[in-house]
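Novice: Read off the chains here:
There are 2 protein chains.
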Amino acid sequence: MSKRALSTSREENFPEWYQVVVRDGDMAETSPVRGCMIIKPWGWGVWERIQAELDQRIKDTGHENCYFPLFIPMSFIAKEAEHVEGFAKEMAVVTHHRLKNEGGKLVLDPEARLEEPLIVRPTSETIIGDAFQRWVKSYRDLPLLINQWANVVRWEMRTRLFLRTAEFLWQEGHTAHADRADAMAETMRMLEVYREFAESVLAMPVIAGEKPANERFPGADNTFSIEAMMQDGKALQAGTSHYLGTHFAEAQNIQFQSAEGKLEHCHTTSWGVSTRLIGGVIMTHGDDDGLRLPPKIAPRQIVIVPMLRDKPEDAAVIDYCTALEKELKAKGIRALVDAKPVKSAEKRWSWVRRGAPVILEIGGRDVSGGNVTYMRRDRLRDGDKVVSHAKTRDAFVAEAASLLDDIQASLFQEAKVRLEGNIVAGMKSFDEVSAYFGATETDDEAGGTFKGWVEVPWARPEGGELEAIADKLKALKLTIRNAPLGQGKAAGKCIFTGKPAKESILIARAY
Amino acid sequence: MSKRALSTSREENFPEWYQVVVRDGDMAETSPVRGCMIIKPWGWGVWERIQAELDQRIKDTGHENCYFPLFIPMSFIAKEAEHVEGFAKEMAVVTHHRLKNEGGKLVLDPEARLEEPLIVRPTSETIIGDAFQRWVKSYRDLPLLINQWANVVRWEMRTRLFLRTAEFLWQEGHTAHADRADAMAETMRMLEVYREFAESVLAMPVIAGEKPANERFPGADNTFSIEAMMQDGKALQAGTSHYLGTHFAEAQNIQFQSAEGKLEHCHTTSWGVSTRLIGGVIMTHGDDDGLRLPPKIAPRQIVIVPMLRDKPEDAAVIDYCTALEKELKAKGIRALVDAKPVKSAEKRWSWVRRGAPVILEIGGRDVSGGNVTYMRRDRLRDGDKVVSHAKTRDAFVAEAASLLDDIQASLFQEAKVRLEGNIVAGMKSFDEVSAYFGATETDDEAGGTFKGWVEVPWARPEGGELEAIADKLKALKLTIRNAPLGQGKAAGKCIFTGKPAKESILIARAY
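Sequence lines, in order, name chains R and B. For any residue, its number in the working numbering is found by taking its place in the first sequence, counting from 1, and adding 224. For any residue, its number in the working numbering is found by taking its place in the second sequence, counting from 1, and adding 224.
Excised from the complex, chain R in its bound form (with noise of 0.2 Å):
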């Protein structure tokens, strides 16, 4: 077979690729309610894992789960006025709580208006600050280290599944500290938390770095992320840690009793990831037979197709493969044998597009031979031909765990090749990243030529001098990602103001 998997390719028509690939791997659907997603059993078994992974390091690294209210009232997003100025005007406003039934219609009913409208958190930090508030006195309570898993709700007027959704869910961290040291140590530790979890579990390399101060969250002192690259040579924001300075602390009134008697706010941090991390696992492994999926958080990492003829000898061939499923069950691995009565050519297709590591065809040369025949879905095919390999049982259940590791350690290598021969460096002027990128009209939803990412020189300028270089990038349809950590010195001049540079940046299209 040489045809491809999708009806689309990645260089046809990279977003529309993007949707046939959700669709096709099984992994969310769109809603008949705007802006939200339907996350379907294959897709919500990845979040799992990621949220399993993810978990175990927030708690690690000292943290503990809460659970805070849906519903944030109106005034509490009032106090934050420079919240108001940032993302936190869409949102979805209750203001009623009771329907009733008119002439049978269903209808609001007037008497059952809000005093006081209610928002759907479209993130946490004022609720979780006046809780804080109350729970923080004396330093002795200090840091105090809280997360919540959570779903959370912004309008948003152009959605894509996973990448930009009205409602999504995603974790968020919010602690609060006795000084900026120990917060920006925790701000710091959470974005490394993010970049090893991204690269050793997603097997999506990043770069970590501070964003520029037009990009920072609403109320950050700083603000850093990981950017990941895309297969379109788009950056990816899959997570950030702020350190928030005292300004939350003081719209909130968080403070506490130092170890000498005195009343001081405190230093709060926050950070989050959320379900558009797997939209960025699908652009980054993503191939034109569908999706690849890093066995560390594939649902079933090994799937037994069992090829059956309606024969009698099917059942040993069933026999056969539940047996295997148990052996590598026992070692660990999440196995499946997929006795679905559909042809086993449209099982293996299906579990292609789905991105299962590691599928196994079975029939019944395999049983009487005692082997496997399998296939790599990271190494699908040698140019259009699809490639099986095959083994004895015993070999194959005996290096499965490493199998799957090595699969796991490609796909990352893969990416990071990627990532690393597109990042262009060396440009001397913004006429050359402008000259790079080429015309402004590029289109989203068109094919157009890869471009990576261009890293130059900057002066680090601020207010006005950054806006107007905001509005130049932006006119290309570009960002500024972030200034990647552990640069060494910067040399040169900024590209865009001739001073002399103070360290280097990422600029990009993005997400």
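Everything labelled a hint here was simulated from the structure, so no lab data went into it. Being a predicted model, the structure only gives us computed values, none of them experimental. Among the clues, some could well be false.
Given that identical chains are not distinguished, each listed pair holds provided it fits within a single copy or across any two copies.
Derived DSS-like pairs (lysine-lysine); straight-line CA-CA distance at most 30 Å [stated by the list, open to error]: (1) Lys283 to Lys567; (2) Lys535 to Lys361; (3) Lys640 to Lys698; (4) Lys520 to Lys555; (5) Lys303 to Lys329; (6) Lys361 to Lys567; (7) Lys550 to Lys520; (8) Lys675 to Lys726; (9) Lys283 to Lys555.
With chain R held as given, fit chain B onto it using these hints.
Specialist: Frame of chain R; chain B shown alone:
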């Protein structure tokens, strides 16, 4: 110390005692949002254990997790006429998607009024049914077995932490089947999953049975429940499982092509348990010193309190405790050294109130003798005296897992004796029932004498006859809980109608 650790006792004032246990046990607190709670880390840890244990059982019975939108279009609710007559009227309604700043004040943006209001899901039958209608085509797609963990909102006027809150967390299972037999088998299977889970994980004995017609979920053909007896004698409905017939399938067009090529409506089920279970655990096991958690859901099963004296010997005590924690963890036990800079007596009582199953107090003498001193939370006192046990460290570690098993079993046994000893059978008339429960004005909020449940024969009346009975019971603040499964053949006469009895039912006051 003979004084109890709480400011109120169960006997003095049960409802107040409940609130104190929730607060002093660090489980949850009210939030600034009417009727919504903040679940604190210790309470959330309990919910995480509940989720993990139940989720495994839900998956083991063949269900897959999904995620559906938080919002439901108003027209979906309107379609479910029976729904509208039921609980679903009091709901949070989203009418706008934007706030704006008007003269420095945050207000609803009238231009951002939604064409169709959105309801924050009170339950997801309608939105999931809509997906089922798209997903189900042929008998080959059946059974379709879906579960979701989610937050839901019902606008409750009188709320109580965990027991009745506007927002609560739950799992809701939704399944579609080819025929009644298969759907009914599913309904009963999940009821049994709940029973086994409640008894073996929560150590909470329950009676599984069928609800009378007037207590059915709106739109259900049959509703089954598990009912637990709280320490004030009241019943708590701890889980429900509904056989929905073809009502929802007809309203939502969930049809399939049968093997014979006929188009038929599916038979559907739904079933759920919620954070309410935590309220049940508290009122089943709590005592006048606070919460007592069954080890299977205790976030920390064994807590080690080092007795420090600000002396150089402290280091050895801490080392000893840390090594012990490590050994226990290696055995899969959730152990914790509480090294907070707080007096050890304060720590002891804080863990008593939180209900940690085993609390160790380790001092210099334990270290030099190679011993541990510990308390069992389930049997904290002998009379008024707190009972400490001593063991060699090696013996304690070797027997720790079986000690936890023993606590789990003993909490269950204690509750089982209470349940079985407080169901009064043999009453022959409604007057006897009325006399047993006494005056109608018995106030929930005051002490009152302990009243269990009564089990009486009835003829399973329907329609107006049943309504009249329900009203009579309501005047005594009583409800029919369920008709227990597996009861023998009914004998005697219906206490309401005098007709030959068809079965026995349980009558009780309830949460």
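Novice: Hint by hint, note whether the structure agrees.
Specialist: The hints, checked one at a time:
Taking the shortest alpha-carbon separations for Lys283 and Lys567, only the inter-copy value of 26 Å comes in at or below 30 Å, while the best intra-copy value is 45 Å. Proximity of Lys535 and Lys361 under a CA criterion of 30 Å is satisfied inter-copy only: 27 Å between copies versus 74 Å inside one chain copy. Within a single copy, Lys640 and Lys698 get their C-alpha atoms as close as 27 Å, which meets the 30 Å cut-off; across copies the closest is 68 Å, which misses it. Proximity of Lys520 and Lys555 under a CA criterion of 30 Å is satisfied in both settings, with 14 Å inside one chain copy and 25 Å between copies.
For the identical chains of this complex, Lys303 and Lys329 are inter-copy neighbours only, at 10 Å across copies versus 39 Å inside a copy, given an alpha-carbon limit of 30 Å. With identical chains, the CA atoms of Lys361 and Lys567 are at most 30 Å apart between copies only, with a shortest distance of 17 Å across copies and 65 Å within one. In this homomeric assembly, Lys550 and Lys520 come within 30 Å of each other (Cα to Cα) both inside a single copy, at 19 Å, and across copies, at 27 Å. In this assembly of identical chains, the alpha carbons of Lys675 and Lys726 lie at most 30 Å apart only when taken from the same copy (26 Å versus 77 Å across copies).
For the identical chains of this complex, Lys283 and Lys555 are neighbours both inside a copy (26 Å) and across copies (19 Å), given an alpha-carbon limit of 30 Å.
In this structure, none of the earlier numbered hints is contradicted; all agree with it.
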